[in-house]
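Student: Given next are the chains, with one letter for each unit.
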Amino acid sequence: MYFLSEVTKTYKGKRGLVNAVDGINLEIKQGEMISIQGPTGGGKSTLLQLLGALDKPTSGSVVFEDQAMQGMSDRDLADFRSKKIGFVFQSFNLIPTLTALENVEMALVPLGIERGERARCALEALESVGLGDRATHLPSELSGGQQQRVAIARAIVKEPSVLLADEPTGNLDEATRDEIVGLLVKLWKDKGITLIVVTHDSQIAKKTQRHLNIKDGKLTENSAA
Amino acid sequence: MFFTYLGRELTKRKRQSALVATGLAIAIALVVVVNAVSGGIKSAQTQALSGLYGIGTDISVSKEAEPGQGGPRFDVGSADGKTSGTKRTFSKSQLRSEPFIGTITETELAKVKSVAGVTASIATLKLNSITFNGTLPTFSQDGSRGGPVGPDQDGNMPAPPTGGSDGAGGSSFDVTTFTVEGVGVSLQKIGPLASVDVESGRNFAAADEGTYVALVDSSYASTNSVLAGDKLTIGGKKFTVVGIVASNSTAASTPSNVYIPIDVAQALSSNSGVYSNVYVSADSSANLETIKAAIEKKVPGLTVKTSSDLASTVGGSLATASSLVNDMGGWLSIIVLLAAFGTSILFTTSGVNRRIREFGTLKAIGWRSRRVVGQVVGESLVNGLIGGVAGIGLGLAGVWAVNNWAPSLSATVARATNGFAGGPGGFGGPGRDNAAAAALNLTLHASIDPAMIFVAIGFSVLGGLLAGAFGGLRAARLSPSVALRSFE
Ligand SMILES: Nc1ncnc2c1ncn2[C@@H]1O[C@H](COP(=O)(O)OP(=O)(O)OP(=O)(O)O)[C@@H](O)[C@H]1O
Ligand SMILES: [Mg+2]
Numbered sequence: 001m002y003f004l005s006e007v008t009k010t011y012k013g014k015r016g017l018v019n020a021v022d023g024i025n026l027e028i029k030q031g032e033m034i035s036i037q038g039p040t041g042g043g044k045s046t047l048l049q050l051l052g053a054l055d056k057p058t059s060g061s062v063v064f065e066d067q068a069m070q071g072m073s074d075r076d077l078a079d080f081r082s083k084k085i086g087f088v089f090q091s092f093n094l095i096p097t098l099t100a101l102e103n104v105e106m107a108l109v110p111l112g113i114e115r116g117e118r119a120r121c122a123l124e125a126l127e128s129v130g131l132g133d134r135a136t137h138l139p140s141e142l143s144g145g146q147q148q149r150v151a152i153a154r155a156i157v158k159e160p161s162v163l164l165a166d167e168p169t170g171n172l173d174e175a176t177r178d179e180i181v182g183l184l185v186k187l188w189k190d191k192g193i194t195l196i197v198v199t200h201d202s203q204i205a206k207k208t209q210r211h212l213n214i215k216d217g218k219l220t221e222n223s224a225a
Numbered sequence: 001m002f003f004t005y006l007g008r009e010l011t012k013r014k015r016q017s018a019l020v021a022t023g024l025a026i027a028i029a030l031v032v033v034v035n036a037v038s039g040g041i042k043s044a045q046t047q048a049l050s051g052l053y054g055i056g057t058d059i060s061v062s063k064e065a066e067p068g069q070g071g072p073r074f075d076v077g078s079a080d081g082k083t084s085g086t087k088r089t090f091s092k093s094q095l096r097s098e099p100f101i102g103t104i105t106e107t108e109l110a111k112v113k114s115v116a117g118v119t120a121s122i123a124t125l126k127l128n129s130i131t132f133n134g135t136l137p138t139f140s141q142d143g144s145r146g147g148p149v150g151p152d153q154d155g156n157m158p159a160p161p162t163g164g165s166d167g168a169g170g171s172s173f174d175v176t177t178f179t180v181e182g183v184g185v186s187l188q189k190i191g192p193l194a195s196v197d198v199e200s201g202r203n204f205a206a207a208d209e210g211t212y213v214a215l216v217d218s219s220y221a222s223t224n225s226v227l228a229g230d231k232l233t234i235g236g237k238k239f240t241v242v243g244i245v246a247s248n249s250t251a252a253s254t255p256s257n258v259y260i261p262i263d264v265a266q267a268l269s270s271n272s273g274v275y276s277n278v279y280v281s282a283d284s285s286a287n288l289e290t291i292k293a294a295i296e297k298k299v300p301g302l303t304v305k306t307s308s309d310l311a312s313t314v315g316g317s318l319a320t321a322s323s324l325v326n327d328m329g330g331w332l333s334i335i336v337l338l339a340a341f342g343t344s345i346l347f348t349t350s351g352v353n354r355r356i357r358e359f360g361t362l363k364a365i366g367w368r369s370r371r372v373v374g375q376v377v378g379e380s381l382v383n384g385l386i387g388g389v390a391g392i393g394l395g396l397a398g399v400w401a402v403n404n405w406a407p408s409l410s411a412t413v414a415r416a417t418n419g420f421a422g423g424p425g426g427f428g429g430p431g432r433d434n435a436a437a438a439a440l441n442l443t444l445h446a447s448i449d450p451a452m453i454f455v456a457i458g459f460s461v462l463g464g465l466l467a468g469a470f471g472g473l474r475a476a477r478l479s480p481s482v483a484l485r486s487f488e
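Listed in order, the protein sequences are those of chains W and P.
Positions 1 to 225 (this note's numbering) are the ones given, in order, by the first sequence.
Positions 1 to 488 (this note's numbering) are the ones given, in order, by the second sequence.
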């Protein structure tokens, strides 16, 4: 599914150039569950953004299902994300003025799905994360765990090939964390989705098949967590 | 989703929306009020001028008298009266040129007409009618006044003396003056009788040429109780008042008190073949200065005034209000409008900055930049329109307040070349003020030009678009990966 060869992402920082990701080679197969760990500033988020087509590599190539991302326009990348990639963020990133249902619907807007169908799909996604009864609540009226569930519903509503989660439990307490991890693992099992999770939490890492570690932009793979 | 999202942003971020909309609303209200008041002042000015120069006059042509020409002189010869005993009663009516006014010849008129751009011209002869009715005691050789009052040879008792203006017994007189304008008897598009309503009687007709008929201005007629069908003595001749005319603009009156056929006016005032005033209309108001220069060049010695020259002769509080609104109001509107545009741009871009993560998230879940920009522009456009509608409402309220307060403006028009100066030996009798009346009291009526509503909407759309463009540009440039790293 993914082929990364010699992928480097260089940022111009205050103290000169920083290779946030440095010459990474990686292959990811459809349906894998992968955790990415590493020290802060190691390049985890940068790698996830490259996988999610939010950014293009400075050099090297990222190929997704025979499509080379470095050659795509911003507009094509947006369209690609709208169909194939689901994102879950540490701080949920829900739109505060919209209800839970509407937040989920936002992911279907670029796909041009008709209004009634859109609301139906969104409600279904909310139900699948156990929030069918909170559809009309604003984010401010939901707990942190519930907000992250809405964000997960938003990520999976379009039935993407890949679900990318950047520290999805970083802002949650322990009990809620297990809930969210359980939900992600369940979705991965049920939907055959490729799940890539960046995490500091070795509890989560334990549940995954593959364990990647990234430090100073260099990737290593452990066979056991 | 576009409208749901847009509506939520506007209603859930009320303070932000209200700030932008209020700024625009105040600016647009000011534009509406200034425009309406300035329109009201312009129409007051037009009123003031049409009351003095007639409607549709673009250029007014007259001539100043050469030294020695004109000037009021009123001779009461011994032949004019009828002596009865110690009293001499007499009545004398004269029709003469307005003082200090020169005459324009047919040749000069033809030259004026031949100037390119002159579409129509009406030549008139402005005159003053002075009627003296009185009884004076005869004077004895020793200078003693009056004598025993007794029946005259016919056995009639003379009228008992009423105190004359000098306070001495035995003399009584009054002087009536009014302005008379000799005009063509055919229908006129410009000049003093353009757009008049005939209140009673009839207008002039072709058959009136050379006859002693008169039209009387309605305000003069009502103050002096003149009715259609009455007789009026002008220049010693009895005229029949065939009609009472009123200006159909809201101006107080038509330029002169009485109108008579031009040929009659010329004959009675010994001014055959000459005129005092030419009212000119031009093909385009943009050409007035060119036409004015051409007339002055072709006929040296004429006093040529364009409607803006005429407007500048309007003095009094109307003129003050006019310059205040036109100079200050215009600038104030522009400044406030720019300030409102500036603040709405500022608030919109700062709003976008606060929502960087939100827009980054939308881009991450697959929204194209264009859709995000459209959302920002849409929000700011609707915000602008709300401001515009509120501004129009506020402006209408402002205009209503101005009209409710209804300031009265006085307009004094300097009639340097048309003035009636008393001159040596002038009589301070009743009626004199008629000729000098160049002051009008007008009520300011600010009115909203319907086009102004569209202009106001246009401004609010412009403000919204400008703010949206700046905010949208900010949102478009946003790289999703950077946006997602940013913290509020
Ligand atoms: N836009 C940027 N400009 C400059 N430097 C950047 C930028 N984004 C990331 N970096 C740098 O790249 C390196 C990798 O950052 P990244 O966010 O990928 O680390 P991370 O492993 O996700 O860390 P954390 O665990 O703290 O989230 C860091 O040194 C960071 O400072
Ligand atoms: Mg990170």
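Any given hint could be a false lead.
The calculated label-pair distances, taken between Cβ atoms and stated as ranges, are [to be verified]:
hint	chain 1	residue 1	chain 2	residue 2	range
1	P	Leu465	W	Lys218	46 to 52 Å
2	W	Lys218	P	Leu346	54 to 60 Å
3	P	Asp449	W	Glu114	21 to 27 Å
4	P	Leu465	W	Gly16	40 to 46 Å
5	W	Lys191	P	Ala339	34 to 40 Å
6	W	Glu174	P	Ser350	53 to 59 Å
7	P	Leu465	W	Asp76	54 to 60 Å
8	W	Asn171	P	Gly7	47 to 53 Å
Source of the hints: derived by calculation from the structure; they are not laboratory data.
Since the structure is predicted, the reported quantities are computational estimates derived from the model, not experimental observations.
Just so you know, even glycine gets a beta-carbon here, dropped at the ideal spot from N, CA and C.
Student: Using the beta carbons of Lys218 (chain W) and Leu346 (chain P), state whether their distance is inside 54 to 60 Å or not.
Tutor: violated (45 Å)
Student: Look at the Cβ atoms of Glu174 (chain W) and Ser350 (chain P) and judge whether their distance stays inside 53 to 59 Å.
Tutor: Given range 53 to 59 Å: violated, Cβ gap about 38 Å.
Student: State, for the Cβ atoms of Asn171 (chain W) and Gly7 (chain P), whether the hinted interval 47 to 53 Å holds or is violated.
Tutor: With Cβ atoms ~29 Å apart, the hint is violated.
Student: Take a look at whether the Cβ-Cβ distance between Lys191 (chain W) and Ala339 (chain P) falls inside 34 to 40 Å.
Tutor: violated (55 Å)
Student: The hint says 54 to 60 Å between Leu465 (chain P) and Asp76 (chain W); measuring C-beta to C-beta, is that right?
Tutor: violated (29 Å)
Student: For the range 21 to 27 Å, tell me whether the beta carbons of Asp449 (chain P) and Glu114 (chain W) fit it or not.
Tutor: For Asp449 (chain P) and Glu114 (chain W) the Cβ distance comes to about 45 Å; the hint is violated.
Student: When you take the CB atoms of Leu465 (chain P) and Lys218 (chain W), is the distance between them in 46 to 52 Å?
Tutor: 50 Å Cβ-Cβ, so the 46 to 52 Å window holds.
Student: Take a look at whether the Cβ-Cβ distance between Leu465 (chain P) and Gly16 (chain W) falls inside 40 to 46 Å.
Tutor: holds (42 Å)
In terms of the numbered hints stated before, the structure departs from hints 2, 3, 5, 6, 7, 8, listed from lowest to highest.
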